[in-house]
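K.L.:
Going down the list, the sequences are from chains E and R. Using UniProt numbering, read the first sequence as starting at 1 and increasing by one per residue. Using UniProt numbering, read the second sequence as starting at 1 and increasing by one per residue.
Be a bit skeptical, because a hint or two may be false.
Note that identical chains are pooled: a pair holds if it fits in a single copy or bridges any two copies.
Derived lysine-lysine pairs resembling DSSO-like cross-links, with alpha carbons at most 30 Å apart [stated by the list, open to error]:
1) 647 / 70
2) 211 / 139
3) 83 / 679
4) 514 / 338
Calculated directly from the structure, the hints in this document are not laboratory data. Model, not experiment: these values are computed from the prediction.
There are 2 protein chains.
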Amino acid sequence: MPNRLLDPTDNPDLTAERKNCQFDTDALAARFYGGAEKIRRRREIFKAVESIPELRDAVQDTSFMDRMQKLENGTRNAINVAKYAEEIISSPLAQEEAAYLNSLVVGRDGFPFIIHYVMVIPMLMNNADEEQMDWWFSKAFNREFISTYAQTELGHGTNLKKLETTAVYDEKTEEFVLNTPTITATKWWPGNLGKSTNMVMVMALLYTKGKCHGAHAFMMQIRDFETHKLLPGIEVGDIGPKYGMNANDNGFMRLNNVRIPRRNMLMKNARVEKDGTYVAPKHSKLAYTGMMFVRAVMIRDQALQLASAATISTRYSCVRRQGEMIEGDGEVKVLDYKTQQYRVLPHIARSICFLFAGDYSMRLYERLVDDLSKGDTSLMADLHALGSGLKAVVSFQTSQGIEQCRLACGGHGYSEAGGFLRLYGIATGGCTYEGENMVMLLQLARYIMKLIPRIRANDLSYKPSPLTAYYFQGQYKPKFSEYSPENPREINWRCIQDGFEYASRQLAFYAHVKYEKLVNGGMKPELAWNEVAVDLVKASKSHTRTFLARNFIDRVREERDPGIKNVLGDILHLYLLYEVLDCRADLLETGYMTHSQLHSIREDLSQTLTKIRANAVNIVDSFDISDRELVSVLGRKDGHVYENLYKWAQNSSLNQHEVLPFHHETLGKMMKDAREKSKL
Amino acid sequence: MPNRLLDPTDNPDLTAERKNCQFDTDALAARFYGGAEKIRRRREIFKAVESIPELRDAVQDTSFMDRMQKLENGTRNAINVAKYAEEIISSPLAQEEAAYLNSLVVGRDGFPFIIHYVMVIPMLMNNADEEQMDWWFSKAFNREFISTYAQTELGHGTNLKKLETTAVYDEKTEEFVLNTPTITATKWWPGNLGKSTNMVMVMALLYTKGKCHGAHAFMMQIRDFETHKLLPGIEVGDIGPKYGMNANDNGFMRLNNVRIPRRNMLMKNARVEKDGTYVAPKHSKLAYTGMMFVRAVMIRDQALQLASAATISTRYSCVRRQGEMIEGDGEVKVLDYKTQQYRVLPHIARSICFLFAGDYSMRLYERLVDDLSKGDTSLMADLHALGSGLKAVVSFQTSQGIEQCRLACGGHGYSEAGGFLRLYGIATGGCTYEGENMVMLLQLARYIMKLIPRIRANDLSYKPSPLTAYYFQGQYKPKFSEYSPENPREINWRCIQDGFEYASRQLAFYAHVKYEKLVNGGMKPELAWNEVAVDLVKASKSHTRTFLARNFIDRVREERDPGIKNVLGDILHLYLLYEVLDCRADLLETGYMTHSQLHSIREDLSQTLTKIRANAVNIVDSFDISDRELVSVLGRKDGHVYENLYKWAQNSSLNQHEVLPFHHETLGKMMKDAREKSKL
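Full structure from sequences and hints, please.
P.N.:
Here's what the structure looks like:
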């Protein structure tokens with residue numbers, strides 16, 4: 001079976017791995033990216049990039065650039081992508097193709113219209129009325145202006161009600177007057193706001209006739225379209241360097257009596273009439289579908305971030321040799337160590353699990369948009385709950401996993417040459433942006449807790465969603481795990497899934513019982529909620545695990561190709577065993593699993609690691625992440641790591657001087673003085 | 001009871017916390033730093049720094065500097081420290097005072113003689129013979145040269161035997177000829193090697209008379225003392241940017257037939273005679289006490305890194321308000337959320353635990369040095385084992401903890417303004433340098449596994465060290481946890497400690513049984529060792545936990561002052577409960593603890609968090625880490641966070657231009673073209 005990357009000029013240690021391939025790497029890649037046709041298109045896009053000098057020569061390794069250079073580089077690359085996108089991409093709506101093209105040329109440090117595309121345009125589609133769409137949409141789409149979305153304030157994050165920015169309607173002029181009245185009201189963090197964008201979709205508390213109607217979205221011009229200078233009453237700047245995404249000029253904005261026309265408020269849902277009459281929206285959450293879209297996209301992005309880290313770490317672990325296992329036999333590849341397999345390989349499994357979860361969420365989102373267009377909001381709560389849990393769990397496990405993959409690369413992982421810092425920078429940002437993880441998990445918990453009384457009441461008229469049905473089936477499920485080393489593998493998948501569901505039910509009930517006890521004892525419900533918050537978070541994580549595992553199992557069950565089913569089955573098996581060990585305390589606590597079952601699972605895990613180790617390079621090759629995207633000396637497809645580390649280091653700014661300009665007046669003088677003193 | 005930082009001009013939200021202080025912050029600080037006299041000296045050193053303009057005005061916030069500026073800044077600051085150190089510090093050997101002075105002025109990004117002091121000088125003391133000490137020591141101590149320690153190679157890390165750099169003795173000239181014969185032999189990573197140092201202590205495989213004697217240390221000049229240019233045959237440079245310590249020019253070095261005199265080999269332990277006769281050392285590990293010293297110092301450093309992160313996060317969590325718990329009551333301090341307490345406060349407890357562990361290790365190291373001078377090497381194995389485990393566990397928990405503290409700061413934690421990136425950069429480096437963590441844990445495991453046959457044999461003649469005695473006492477200990485919510489707190493400490501010891505024994509035996517089974521089944525011992533490596537690592541971590549907990553308990557038991565005993569007792573209690581929940585799976589698996597005990601522990605933990613939350617700001621104030629050292633807008637002692645974030649952002653290089661120089665030819669042109677096209 002072919003590994004499509006096999007090349008005799010590569011490092012022989014990687015070639016040996018690839019020669020052992022047990023499946024077609026392109027066929028496996030097709031599972032990750034939605035079919036063979038998608039892979040064919042990826043190849044075409046890659047070729048197109050290679051054939052256009054402006055795209056081919058785009059610099060992605062920003063390790064040696066300062067902020068200004070990073071911003072300029074990102075800007076030029078993004079403009080080049082925009083210039084050729086139409087001829088490369090099959091349709092303007094082919095979001096995955098556009099994302100791939102971007103990742104080949106622009107990379108992961110951000111670029112000046114990322115928020116414009118990822119947030120503003122989707123939010124326009126969901127929040128602008130028809131006339132507004134006519135006016136704004138094509139201008140936005142063609143980049144006649146570029147814009148950002150400004151919600152977060154210096155002193156305020158996820159709590160929309162407490163925003164301090166105000167938009168007060170002035171009936172006389174039919175305008176809104178916008179202000180950030182305090183230092184803490186300063187808009188802070190919006191991407192590309194600092195220097196790049198000239199329009200902002202700003203969230204502000206709407207006031208009409210002296211009454212506050214909560215946060216609404218307004219389109220506001222902030223810079224002159226010709227000179228790009230700031231308009232009167234507007235102060236804007238960059239907020240400084242961050243963990244990652246430093247080619248993105250996240251910015252701040254202060255507003256002092258800035259006036260915008262009435263129709264700059266987006267009015268698909270809520271409206272303000274000329275006379276100041278406020279018309280409330282039908283479904284108050286309707287405005288937030290943009291956020292749901294971003295969260296669905298994020299899961300896939302994060303899966304690919306983790307897949308990138310796993311690719312780097314796996315390849316490097318087959319290039320790096322360290323220590324003789326048997327004296328005299330020569331140093332072994334570090335991936336032959338069980339500890340290394342245990343540290344790296346589960347992140348391959350999680351990447352794949354997340355890719356499949358991303359698919360599911362995107363399909364669910366598309367169904368929701370379709371439903372909403374028919375006025376059906378029933379999916380909203382489900383998608384919101386699923387999205388909140390996935391957002392938190394996937395972003396956290398991704399950033400942790402990237403760091404584990406990096407630590408597995410030893411010293412060289414610590415150098416920017418490894419490429420992990422850019423990956424970690426963006427991935428760990430995902431734990432906070434688009435909803436802080438702890439807040440997300442508590443939102444999911446609220447949804448779960450609402451189910452508990454229904455479960456208790458055994459209300460058969462209630463139809464739970466497929467995602468939560470298992471909460472209602474506890475009485476039909478085994479009270480003790482049926483996992484056994486004697487079972488066929490597929491049976492054990494069900495047993496483990498039963499275990500996840502069992503733990504999830506247990507944790508949800510545990511939190512609910514504690515909560516009720518406190519409330520019944522006289523505590524205010526809000527305070528009782530806080531008292532049990534740690535338990536609620538655990539219940540939410542556990543529920544998310546059940547979804548991730550079930551979806552992964554479903555995908556493998558549906559697989560028709562025996563070779564692919566086999567390798568995916570191995571990976572799924574690893575995933576399930578790793579996760580069940582991760583939550584074994586929850587399964588042990590109530591006696592659901594036994595010491596001897598866990599012993600078998602550890603044995604099974606160890607054997608599964610050995611199995612996957614044999615194919616590890618081939619599996620990560622199937623992620624189809626090119627060197628252009630990895631930007632990692634350690635993870636190079638050709639495995640020529642050491643000579644390229646040496647080459648990379650030559651770029652260090654310090655190496656432009658044999659003796660640094662300040663040497664003689666600093667260290668040189670210090671040592672000279674000391675030597676002279678000692679001669680006295 | 002006074003909080004010594006109380007100041008009415010501070011943010012009232014912090015002042016309110018400090019007014020509630022239940023103990024004397026200086027008295028608690030005395031426990032962390034070794035007594036009231038040490039605190040008095042810290043105050044004096046701090047005042048001295050404030051009174052000397054060159055030290056007072058040293059810039060520590062390097063967020064807006066490029067590599068060259070960071071290096072120059074670090075160099076100048078370090079030289080200023082060196083200039084005044086003699087008048088500020090009580091004695092040249094007062095290592096803690098020197099470290100404190102450095103942390104006040106130079107910070108955490110490294111400086112050009114850090115390795116010279118921390119590694120080369122201690123290694124000289126342990127490896128140079130008397131004549132060599134006379135020649136090298138005072139020159140080194142007075143900084144007539146500055147040097148680094150070069151062991152790691154591009155292709156080789158911890159495995160000394162496989163170094164490729166060679167030092168071949170030439171009897172004719174009585175010189176060694178040094179070479180790095182391959183690309184992978186290139187010395188890589190030594191701190192300050194790239195541009196700053198002019199001498200290197202280099203580890204190379206020694207050859208005499210055609211025979212290899214393993215790795216030995218050689219002193220080698222690499223740059224001309226006057227011009228600072230590289231000497232012939234030597235290629236040296238900086239290896240480029242890293243996660244952290246970017247004011248440290250970690251470097252590479254290639255050697256091509258470089259000749260050094262015979263007496264440049266350090267000969268306290270092994271020797272090469274003029275005629276090339278090799279005299280082996282008495283104890284082959286004697287050369288590595290330098291590493292043990294560094295590991296002992298690292299524990300304290302890491303404790304302070306975690307304490308810094310906990311300080312920032314705790315203070316900011318009392319400044320940041322987010323969400324109304326009760327509607328209409330106003331937004332609450334985020335530290336009032338249980339999830340936030342659970343995320344932040346355990347890291348305060350771990351910091352303190354690590355500080356005490358650092359004390360213990362340093363005392364043990366001092367005893368070892370004393371013993372060695374009398375020819376007694378019996379402590380060596382113990383200290384090496386303890387140091388290996390602590391190095392791995394403390395560095396990992398520190399870097400994880402820093403990230404948890406940062407994530408708890410939400411969006412603003414992601415900005416470099418928070419100061420976490422510098423902390424994380426250095427802390428996570430600690431997981432790899434001075435011995436990769438996984439290797440460290442396996443070294444400890446080897447030591448533990450050697451005990452098992454002795455335990456089984458019930459060999460009463462064998463005297464285990466106090467650190468491992470508990471392995472031998474299993475038969476006298478309860479078979480089930482005696483923890484109960486009814487017990488007095490101190491009794492439960494013992495019960496929990498019993499639990500840690502129980503788990504540690506279980507895991508060690510579990511790994512050993514598995515290992516033996518494999519070996520008895522015919523597997524080579526080395527391969528069997530690899531098969532059970534994941535279990536071995538678990539056993540090592542568990543053993544390290546028993547030490548950390550026991551040492552913390554001992555320290556609290558010894559405390560005489562009732563107020564301090566009370567607050568330290570609360571923190572210890574939190575530590576033990578948090579850790580027992582962390583390893584509850586190991587305690588549940590064999591039925592040692594029950595569901596109901598764990599339920600009680602969770603309740604107990606929740607109450608303990610509430611208790612500590614009330615004093616949290618006062619406890620972190622007792623870490624006595626000044627704003628000079630924190631370099632964090634979020635963690636400012638005065639709590640004036642928001643206005644200073646705004647001020648900090650003004651320094652962004654991008655804000656030096658209202659319109660960026662490349663705007664009109666990039667984004668400006670793109671939008672203009674689009675607008676013109678749409679007019680057609």
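K.L.:
Name the hints, by number, that the structure is in violation of.
P.N.:
2
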